[in-house]
Amino acid sequence: MRVRGFRRPGRDGLMSPEDRSRRVERIDVVVKTVVAAVAAWWLALLLPGGTTPYFAPMGALVTVYPTAARSVREGLRYAAGFLLGAAIAVPAGVVLGVNALSIALTLLVALVVGHWQRLGDQGFQVAVTALFVLLFGGDHAWDYTLPRLAHLGIGITVGLMVNVVVLPPLYVRPADQNLTWFGSSIAAVLDELALITADPERGWSRWKELDDELGRSGRDARSAFDRAYESVRWNLRALSPKRPPLPESADINTLEQVAALTRGIGYLLRETLDSEERTEFDAGFTERFTEVMERIGAAVRRFGEASPSGGRIDTGEAWAGQRALDRYVAGRHRAAEVDDTQHQLAWRTHRVLRELPR
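Numbers given in my numbering equal positions in the sequence shown, counted from 1, plus 358.
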């Protein structure tokens, strides 16, 4: 898949696929949260009792997340935090009433319980609910809790319905686009290193920019990959036969390995060519090494574009160039005319090619 023209604000106008996906995601979450909160408020007003249903929109607010699976998980955690907080505050309010002692004991227990790992980020809700129930319910804490529990149930249910049933988000295509972007970023670094090897006077500023972009694109690709797999859980759209295939875990792992090796080549070249005691490569090595780097870059770019179809690509030309480089370095070594840096560079390009499926 080829990545369309993305723009990243503040950086030559470029925006990565992950930036674009996150922007769309934020808009989607905002719209769904507002719709869910208002709908929950209206529905909760229909319940008898006349109490203000402020827990209904709050329940919807904490339930709408970028993926259906996370909405279910966080909604259940929020409900658990509410129930635990109420369970702590009701006995304290009934037995002790509202005073300094009951507040201290309630907060002490609630804060300890809130650190339970299974509650995740919703652990704070235990103490918040406990304080609400104790301070506003007092010795009638049970009567205060029941209608709020009903309101919360409505809010969580509406939030889940909006996010799980109404166009649940599916982030498979952004993951595919980010793998393509990641492969292109690696290829750009390889191409730039080939140019620097051929002309050390070119300087390293452009390489530094591309290396930074490579780090960002790698993080974006991993984030998008993980989010894609999470987005298919509890997602009705994932059952559609028209759903695009998920990217292979082997693809992202391969690109991460190739990226690490590519950055290693870059640091070694810079240490060699940009030091005070600059090492000059002979013309034969320079020609063969730059050719291998360019061919590997083209292969990596094709590999990124091939995901998620298995990532099998033709690396024959790159391997032919690598064998020519290996023979040249080996021949120079026998003649004692090659330094260790050339050995290391040839070995590292060999490692990169071994990572690519063929």
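Think of the hints as simulated: they come from the structure by calculation, not from any bench.
The model shown is predicted, which means the values in this text are computed figures rather than measured ones.
Among the hints, a few may not be true.
[Unchecked claim] List of simulated lysine to aspartate or glutamate pairs, DMTMM-like, C-alpha gap at most 25 Å:
#1 Lys-566 <-> Glu-649
#2 Lys-566 <-> Asp-377
#3 Lys-600 <-> Glu-614
#4 Lys-566 <-> Glu-675
#5 Lys-566 <-> Asp-479
#6 Lys-566 <-> Asp-632
#7 Lys-566 <-> Asp-672
#8 Lys-600 <-> Glu-663
[Stated by the list, open to error] Computed Cβ-Cβ distance ranges for the label pairs, DEER-style:
#9 Met-519 <-> Arg-660: 41 to 47 Å
#10 Gly-689 <-> Pro-715: 44 to 50 Å
#11 Arg-660 <-> Trp-705: 20 to 26 Å
#12 Ser-598 <-> Arg-716: 31 to 37 Å
Each residue gets a CB set at the ideal place from its N, CA and C atoms; glycine is no exception.
Against the structure, the hints come out as follows:
Among the hinted pairs, Lys-566 with Glu-649 is consistent with the structure: their alpha-carbon atoms are about 21 Å apart, no more than 25 Å. Pair hint Lys-566 plus Asp-377 holds up; C-alpha atoms about 21 Å apart against a cutoff of 25 Å. Distance restraint check for Lys-600 and Glu-614: the Cα-Cα separation of roughly 29 Å exceeds the 25 Å cut-off, and the hinted pair is therefore not satisfied. The hinted pair formed by Lys-566 and Glu-675 fails the criterion: a straight-line CA distance of about 28 Å is larger than 25 Å.
Proximity of Lys-566 to Asp-479 is assessed by CA-CA distance (about 37 Å); at most 25 Å being required, the pair is judged violated. This hinted pair checks out: Lys-566 and Asp-632 have alpha carbons roughly 13 Å apart, not beyond 25 Å. Proximity of Lys-566 to Asp-672 is assessed by CA-CA distance (about 29 Å); at most 25 Å being required, the pair is judged violated. Restraint check for Lys-600 and Glu-663: the C-alpha separation of about 20 Å stays at or below 25 Å, so the hint holds.
For the pair Met-519 and Arg-660, the supplied restraint of 41 to 47 Å holds, since their beta-carbon distance comes to about 43 Å. Distance hint for Gly-689 and Pro-715: a CB-CB separation of about 30 Å, inconsistent with the stated range 44 to 50 Å. Taking the beta carbon of each, Arg-660 and Trp-705 are about 23 Å apart, inside 20 to 26 Å as hinted. For the pair Ser-598 and Arg-716, the supplied restraint of 31 to 37 Å holds, since their beta-carbon distance comes to about 33 Å.
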